[in-house]
Structure formats: C-alpha cells, structure tokens
Amino acid sequence: MTRRRGWRRALARLGLAALVWLVVVVMALPLYWVATGALKTNREIYTFPPVWIPRDPQWSNFVAAWEAVPFGRFFLNSIVTTLGAVTIELVFALFSAYALVFVKARGKGIVFAVTVAALLVPQTVTLLPNYLTIARLGWIDTYQGLIVPVAAVAFGVFLFRQHFLTLPRDLLDAARLDGCGHLGLLRHVVVPLSRPVIVTFLVIYLVSHWNDFLWPLVATNRLEWRTVPIGVAYLYQVEGVQNWGPILAGTVMALAPMLLVYVVAQRWIVKGIGGGALKG
Amino acid sequence: MTRSLTRRQLVLALGGLSGMALLAACGQSEPTPTAAPATGSSAASPTAAPVSGSTASPTAPAVVQNPGSKVKVVYWGSFSGNLGEAEQGMVKRFNESQNDVEVEYQYQGNYEETAQKLTQALAAGTTPDIVLLSDVWWFKFYLNDVLLPLNELFATHQIDTSDYVDPLIEEGTRKGVIYWVPFARSTPLFYYNKQVWQEAGLPDRGPATWDEFVEWTAKLVKKESGNTTRYSFAHPGAASYIAWLFQPVVWQWGGRYSDPDFTIRIHEEPAVEAGRFYLSSVRDGWAVSSKDIVADFVNGAAAAMMASTASLRGITNSASFPVGTAFLPEGPNGFGCCTGGAGLAILKNKPKEVQEAAFRYLAFATSPENTMWWSQNTGYMPVRKSAIASQEMQQFYQQNPNFKTAVDQLPKTRQQDAARVWIPNGDQIIGKGLERVTVQQEDPAAVFAEVARTLEREARPVVEQLERREG
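These protein sequences, in sequence, are chains A and B. Mapping to the working numbering: the first sequence position 55 is 55, numbers consecutive. Mapping to the working numbering: the second sequence position 5 is 5, numbers consecutive.
Hint data in this document are derived by calculation from the structure and do not stem from the laboratory. Some hints could be false.
As the list claims (entries may be wrong) - Derived coverage of chain A by chain B (criterion: at least 3 residues anywhere in the stretch with Cβ under 8 Å from a Cβ of chain B; other residues may be distant):
1. 41-47
2. 130-137
3. 207-221
Backbone N, C-alpha and C fix where the C-beta goes; we use that ideal spot for every residue, glycine too.
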C-alpha cells in the first residue's frame, strides 16, 4: 500500500515538474527567439523553417545598433528618467497613503475618492495639456520635462493605503507609546512591514517608465534627449524590409536592465513575504 | 578606434548593470566627433549638457540671428532604419556643402507620429521650420493654413518647377500654389520571385493582366499534404497601407474611392467588383492575407506581391533569390497606378531668414544631383525630370533594371483619390474595411457601403474647411 502511494506521489510530482517545465519553455521561447535573433543574419531570420541556433553569430548586429544611434546617451536618459520618476512616485505615494490611513483629518474620504478617480483618466487625455504645460515652461528636451508629468502617484497611493489598512494596529500603538512620531513610525514600522508591496510597486513602475514610448517621444525633439525605446524605434524601418538583426540587438540591450531589476526584486519579494510573516 | 570603444561599451551594457551602462553613456556623450557620424545633430550641438538637465536651451528655434552667424533650421523627419540613415545623410551633405545654414535633423517617429507631434507643436507654438509629411497628412496642415506658399521662393532662387515630375509636384499644388514638394516619392510595383517563376515555367515578366495572373496561380501555389506552403500573392493589412495598394486595383476595374470633390464612390459597382476580386483571391486559396508581406515574399511563402518601390533596396539585399519587378497588372478597365510617399513643407509664421534657410535645404534635397543620390540609396524615385534623363541615372538603371520599373511606370500614374489622402484617417477607414474582406471574407458590397457612410461623415468637416480656405 505505502509503496503504491509513494509511487503515485512520485508520479504526481513528475507530472507537476513536467507542467512547470512546459510553462517555463513556453514563457522563455519568445525571449530565446529575441536573444538568438539578435545574433542572426537577416537571411537566417527570414528563413522558414526557422533557424534555432545562429550558424555564425553576428555580434556585429550589436555594434550596428549601437552605432546607428547614440544608445549610451539614451541609456543615461532612460536611467535618469526612470529612477527620477519612480523616486518621486514612491515618496509621494508613501507619504500620502500614510496620511490617509494614520493621520486624523476631516475629508480624508474625499481626498481618497479623488485620487482613485484620477486612475480613470487615460494618458491620451492628459497628453496634450501636459505637452502644452512643459512647452510653456520651456521644459521640452529636459529631464524635468521627461519626469515631472509622468510621476503621477494615484495607483501608488491606492496600493499603499490598502496595504497599510491591514497592518497590525497593536504594533503601531506600541511604537507610538515608545515615543515614535509620524516620521519615525513610517520609517521604522510601516515601511519595513510593507517591503513586499513597495518592491512590487517598484517593479511595476520601473518597467512601465523604462518602456514608455509615447511621452518621451512627445516631450523631446533632439536626438540627445531621447530614451531607449525610441532608440529601438530608430532602427525600425517605415517601409520595406526590417533589418531585424540590429533591431533585436537593440531590443536585447533595452531589455537587459529590466531583467536584472526583475531578478534582484524577485529575491526581495520572497524575503519580504517571509519577514512579514514572522513579524506579523 | 571608434569601433573598439563601442565594443567595450557594448560589453558593459550587456553586463546589464545599469551603473556600468551609465558609465558607458558618459563615454558616449563626450564630444568625440568620430563617435556619431551618422547622427548629425548630436555632434553638431556643442551646447548639449550631458548630465545636468537644467542647462537646456529654450525650445523655440532661435529667432534672433547675429549677422554673419549660421541660420539654424530645425527639420522633423520620419524615417528610421536604412531610410533614416539616408535621410540623415542628406542633412549632413547639406550642412557640409555651405556655411550659412545649419539644419538640425530631429526624428519624430513614423509618418503618423510626426503628424500628431506637429499638431501638438502648433498648439504649443513649438513647431519645426521644415517637416516631412506623408501624402495623407500634408493636406490637413494646408487646410489649417500653416504651410508656407513656396512659389515666390522658387522664383527668387530661379528654380524651374516644371523640372519636377508633373504628377508628383501637382499633388502638392493647390490653385497654382505649391505647398508640398515631392521628396521621398514612390509607386506600387509588382514584385515577383524569379526563381519560382522559372520553376513554374513562366516567362520572366510580370503578368500583363490579373486574368493572366489568375491563370498562372495554378503553377505558383504549392501544397504539401493539404496545406498551402506557398501562395501566389500576399495582401497586407490596414497598418501596412492596403488602402494605398488597393487603390490602383479599383481604378483598373473602372471605379474609384471618391471624386476630387469628396463624392464617395467606393460603394459603387466597379469598386465593389474589384473588392469581389480580392475576396475571390482569398476564397480560391491563391492569395494570403499577411501580417508582413515583405517577410512572406522574402522567405518564399508568397511568390508575388504589390509593394512600394521604397522597399526595393531592402528586398534586394534580403532575398536569397533574384527579385523581379514589373508594372501593375491590368484589370478589365485597363491600367491603373498611383503615387505615394512623402514630401517636404515649410512652416508659416517664421522669420524671413529662417524660411529662406529652410527653403535652401528643401531645394538642396530635391535638386537633380541629390535626388539621384537619394534614389540610388533608397529606391524612392528621382523627383526631377532632368535627373531621370541624366546619363548617370540611365547608367544606374542599366545596371539595376528593377529601379527603372517605377520610373517607367510613373508617367502612367494618376493623382490619388481624395477619400484616401484628404479625409483624416481615410486611409485607415478604407484599410480596415478591406481587412474585413481579405481576412474575414465578408461581402464587399456590404462592407464598402458601411465604409462609404463613414467616409461621407468624416468628409463633411473637410469640405467645409476647404470652402473657407479656398472660397
């Protein structure tokens, strides 16, 4: 009996492993395709049946992409813009959410309702007003023009508020009794308990700012103020044959930092969940 | 030197560490004139502050000019990839050719994105001086009276406008006034796979008529165990401008999308009949509706297609078989072909000297000599008669007969229908309708009737605006 049960369990585990691997392969395939495509000649890319392993890796595709546009400068712009926007968002969202949950004040509900309502306004609606604003301020082709209009915080406020509401009140009261002020509470109690949520927020917004195409295209005119996604678009042909090698090489370069963020953040999320469970 | 530096930066970036990429970025932005030869503007602006954003200069193009200094002209372009490199190359050639004017090239996305940005820039007063506008966009800006009439400037510079190829310059002319000058102009071509043609035992030429092509398809379509592995023809989607490529077919059937006065005719019998032909091409299994016709053609999944001359250079380089080009096939009503592509326009309400400087670039880029350079590097047609007739170009055509097809076809082209080019979004409205025919196999009569209603609605404000503009 026990032997049969063990056998069955092993089979189930095997089945699960097979399923996991299947999902992994399905998810990783497009990434593999992009990464290897970056090393293929155009002819290999256009060949059917597909070539899975580039016969003669074309590292020159990366050189071609890098030389076609100043990618170095674009990376700098993307990094400054992304970090700038995310930092502003995080600080504002944390403070606003803290105030909405832990500070006694009238009209908090209305403030929160307005914040949530702001989530309903699509980007296309705010595009022109934002453009007019930065144009009048003379902010076209500047970092502040790239950052300030997109550093909106509504989702962050919502996310953090919902999380803060679940924090154990006893812990906060204890900290308060120990003489902790608002800033201290935020720093020593609330933020450490919210690490998984903060990391989740960071991952979502780092990726979304890094990938944003429309606003950077609108807010900048000169080559030296462009960001990485526009750099990839520079490589894309309007009419005719796409030169896929350099396009995919550019895509890989654009992708790399976000993959890194994801790998690092993943550890943090797991750690955060574990830590939170112990403290809770 | 440049190369080794670039490779090192590349390795750093691939390491994926943003900090490292940042270092690489700084290295790149140091004023090394050799670092970015293809990207005129970054090397050209010594004021570019690499790290601190606060020192950026005001956005509006400089108005006040010191006597003796260069006039700066901002140029918005729409080309990327190889075409973009050629476009930037043209700007570079101009800047190096003289010392009075400096053109700054600014890429603004594709045709549609450039037009949208120009709309916004007009609202904010941050327009460029000269802009590349596609055949479906320039008219909108003409209607809003923001484009500079160019006749006077042509006269002062003693440029004979009759040297521009007639059907091309006429498209940018309203009531005898030129607003939009042909630059990157194209026609559709019939592309075919010579290798497949040979295997099928067909003569080395395009089909004279669509009937002949339909006869040939039996030899061109290849099936393996019930699945078609090669179609004889590929249709593009709306985003790849099927409405542009279907337009000549409608003419070949004796119909049209509309009259010049915006009377919509796409739902009338000849046009619908052409639609039925497209429907049958898919239903009978010899044509496929493709996501990327050029890719399908180049890798042999489709034996033939209609596509822009602008694709010629790229297709020739990517195909592993000899590529043939031919005139479009004739329909029941004979031959029909349209032009397409983009032209240059100068913005109104700029200081005289800036307009003057912008015109100098426009004249340079469309001069006989430079239109030849542009044509040979891209596949677009030379826009000057004298350039086409020149010995250099004739020699080039002898060596590259495929490039000649479009030029030979050009005199037989006619002006595009107002419904496609002058109704905002008209191209996409028609294109989406055509997708319903070629993808969902819906009845063209019903679909075109619906499309006609939408076009009529969208045309109304244009007609009103046109009356106000032209009286």
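Hints, verified against the model:
With 4 residues having a Cβ less than 8 Å from any Cβ of chain B, the stretch 41-47 of chain A passes the three-residue criterion, so the hint holds. Proximity of the stretch 130-137 of chain A to chain B, defined as three or more residues with a beta carbon under 8 Å from a beta carbon of that chain, is established by the 4 residues found. For a cut-off of 8 Å, the count of residues in the stretch 207-221 of chain A with a CB near a CB of chain B stands at 3, and the three-residue condition holds.
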